[in-house]
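Protein chains: 2
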Amino acid sequence: MNDQELLRPLIASNTTKLVLVVLDGVGGMPINGVSELEGAKAPNLTALAASSACGLQVPVACGITPGSGPGHLGIFGYDPLRWEIGRGVLEALGLGIHLTENDIAVRCNYATAVRDDTKIIIKDRRAGRIPTDRSRQITGMLQEQIRQIDDAQVLLLPGMEHRFALVLRFSARLDQGADAIEDTDPQKEGLEPVVPAPSGSAARHVADIALKFVEKAALLLKGQERANYILLRGFSSVPAIPRFNEVYGLKSLAIATYPMYLGLTKLIGMDTLKVAGGIAEEVQALKESYGRYDFFYVHVKKTDSNGEDGNFQGKCRVIEEFDACLPGILSLAPDVLVITGDHSTPALIKGHSWHPVPVLLKSKYVFGKTSAAFTERECLKGELGTLHSTDIMSLMLANGMRLKKFGA
Amino acid sequence: MNDQELLRPLIASNTTKLVLVVLDGVGGMPINGVSELEGAKAPNLTALAASSACGLQVPVACGITPGSGPGHLGIFGYDPLRWEIGRGVLEALGLGIHLTENDIAVRCNYATAVRDDTKIIIKDRRAGRIPTDRSRQITGMLQEQIRQIDDAQVLLLPGMEHRFALVLRFSARLDQGADAIEDTDPQKEGLEPVVPAPSGSAARHVADIALKFVEKAALLLKGQERANYILLRGFSSVPAIPRFNEVYGLKSLAIATYPMYLGLTKLIGMDTLKVAGGIAEEVQALKESYGRYDFFYVHVKKTDSNGEDGNFQGKCRVIEEFDACLPGILSLAPDVLVITGDHSTPALIKGHSWHPVPVLLKSKYVFGKTSAAFTERECLKGELGTLHSTDIMSLMLANGMRLKKFGA
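If you read the sequences in order, they're chains S and E. Under my numbering, the first residue of the first sequence carries the number 5, and numbering increases by one thereafter. Under my numbering, the first residue of the second sequence carries the number 5, and numbering increases by one thereafter.
Hints were generated in silico from the structure; no laboratory data involved. Wrong hints could be hidden among the right ones.
A pair holds if it fits inside one copy or across any two, identical chains being indistinguishable in the list.
Unchecked claim - As a list, the in silico DSSO-like pairs of lysine-lysine whose alpha-carbon atoms are at most 30 Å apart:
| no. | residue 1 | residue 2 |
| --- | --- | --- |
| 1 | Lys291 | Lys278 |
| 2 | Lys305 | Lys409 |
| 3 | Lys373 | Lys45 |
| 4 | Lys409 | Lys192 |
| 5 | Lys408 | Lys270 |
| 6 | Lys305 | Lys270 |
| 7 | Lys373 | Lys385 |
| 8 | Lys270 | Lys354 |
| 9 | Lys291 | Lys255 |
| 10 | Lys409 | Lys278 |
So that you can see chain S by itself, here it is in the shape it has in the complex:
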């Protein structure tokens, strides 16, 4: 497993082009004997695998099922055990906001509370899962009424059903530990909500503002039948994470259709390009920006969505859709092309899983002829062996002749 500190002094400049395609959750499992990658008709991928270096990569550790955050961080060479992206931050990124080191992000639920003279009791922690339209209306109303609390700008991002995100934006970079605040969700109905409690002095000021937000919102929500209270979870701030471009000496662009992936890559300092449409439009965007960057991350979402839905055939179709777009990528003749996933999402499991993820690397400096196809079982035979996700960036840089020799 590679460390960015090992790479930093070895970075060499070059003009080579590196392309990293992440087929989200691409790793699968057999249903009727074949996995999604084995079942899909993907002649271009199959041919590419035969002339590439293949292998399997472990996103976090053996047996560990990664979320999308750790899955991606690993591929980008950030040890996911060291760099944790908080749940509030991931939620906010998913809702499309760009976060800075001045921000605290929080996941919020509308809840139903009842009051007597002395206390508030949570009757429904999800406000009866109110419809998204209604939730958006209420969030819009709150945002109009609450724009600033003390020195914090208040940003509300509407989500699905009872969910939304709160971002407290301060005027300066926050101290370490400013986000160490307990969830206010009592976890069980019939209990009082918890007061936002700071774990240390660095979080006290933020906790005070969070409490003021809850109280202001409760007043404004008084008339609501169901969504008359707010529970806060996953207080988190952006870690002081190394910049991708600085660590690797690359000018990088992220191409994706979903906000979360654009947010995550912006967080590590990549330029981002939001594409409307599917894989073909993403490949078109890659072509159009190809002259202006060294490193391209292209994210394909629907492999994961179909896996999550247990839709085996649907996931095969997305792999086939990517296969049809692959010649467009190859026509650019990148010096290094890697295709992998951030984790496995087998339709059999209907969710992320712990299985190692197939990885394929094409460059001038590979053996090839060790894997006959881009499938879990063929990648197992491949010349890359089983590696850690954080090895991928080192391999891309090495194959792009962008690393100096270590020692004399």
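Once you have looked at the hints, place chain E on chain S.
Frame of chain S, contents of chain E only:
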């Protein structure tokens, strides 16, 4: 990845004989579909691979191209990320001197300087790459004139063209950090040379002596047309590195033709035997010393040299030359024989590379029949899998029945 501290308490004594052959830079890459190891006609190696345990070893870390120092340290079981051998030390070892913990070694360049009333300007950082003969003459003259500065003996080792090495030999072991001195090379022509600057107090005394050396030398070189100044780079001292024989309970001998490898092994406490000639002479030396040691390191240089030159056929011929000598090694019936490289040097790349290196281990305690030949692609299938270079010594000791059980 194994650690010497894990092995130390497990070392058992035995009379078994262990032979480690390092074919320098043996790993290659396909040109026209076959790599150097695949293209060489090596029937003895092929037969041996079929009855041995094979695998691939990663010298430093995935994607990292090792220098010869880290490549060898790993094979000898020293974590190359922990034990760094400085550039000055490697240069001096390569010029054939034995270094101790009392020494500071420095790489030196002759340079051309011009002086005005107030300053010295470097006009040529390499003194026009003066011929080696001339450089040797000048170095000999300097050595005659400068033998001692304060408490440091001054040793000058002539090198190629404008290069030589300086060793400052003190009367006692140096403090840690005594070598933390900046290069005096300004890196660009037209600038003043940098004064040797200590990074901490431990290096102050050495830096003073280095400055005196530069000044004394500049006086003596005043009449020279081109080589009239000296630039110092890569100040380094020998780390307080564990002794190979003590760590592993072995009596060891290094057999090599090149000074660097003899110097490096002497550094870790091996006995060394410089052989004039080629592989046949080295095997002959192995035979003659076989009764007197437990562990033998035999270094074959020319696989690397041919790889560096991009001479694919030449590298194949060296592999074939080794193959012809292999029966001589096997006739000794060592209990454990390992054949590997310190890194890959593909002729395709004309330099060291990051690719994992084939490794073969013969002993009574292997399965065999998993690899059909000693090639990169066949070793990938082998029973050793992909291991870290620092695992090789543990495997040799284990197969030599020289390690006790861990725990009860």
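Taking the hints in turn, this is what the structure says about them:
1. Lys291 - Lys278: Intra 14 Å, inter 58 Å, cutoff 30 Å: intra-copy only.
2. Lys305 - Lys409: between (37 Å within a copy, 19 Å between copies)
3. Lys373 - Lys45: Classified as both: same-chain Cα gap 20 Å, cross-chain 21 Å, threshold 30 Å.
4. Lys409 - Lys192: Between. Shortest inter-copy distance 22 Å satisfies the 30 Å Cα cut-off; intra-copy 57 Å does not.
5. Lys408 - Lys270: both (28 Å within a copy, 27 Å between copies)
6. Lys305 - Lys270: within (17 Å within a copy, 48 Å between copies)
7. Lys373 - Lys385: Result: close both inside a copy and across copies, 10 Å intra and 13 Å inter.
8. Lys270 - Lys354: Close inside one copy (29 Å), not across copies (38 Å); limit 30 Å.
9. Lys291 - Lys255: within (16 Å within a copy, 57 Å between copies)
10. Lys409 - Lys278: Between copies only: 27 Å across chains, 37 Å inside a chain, cut-off 30 Å.
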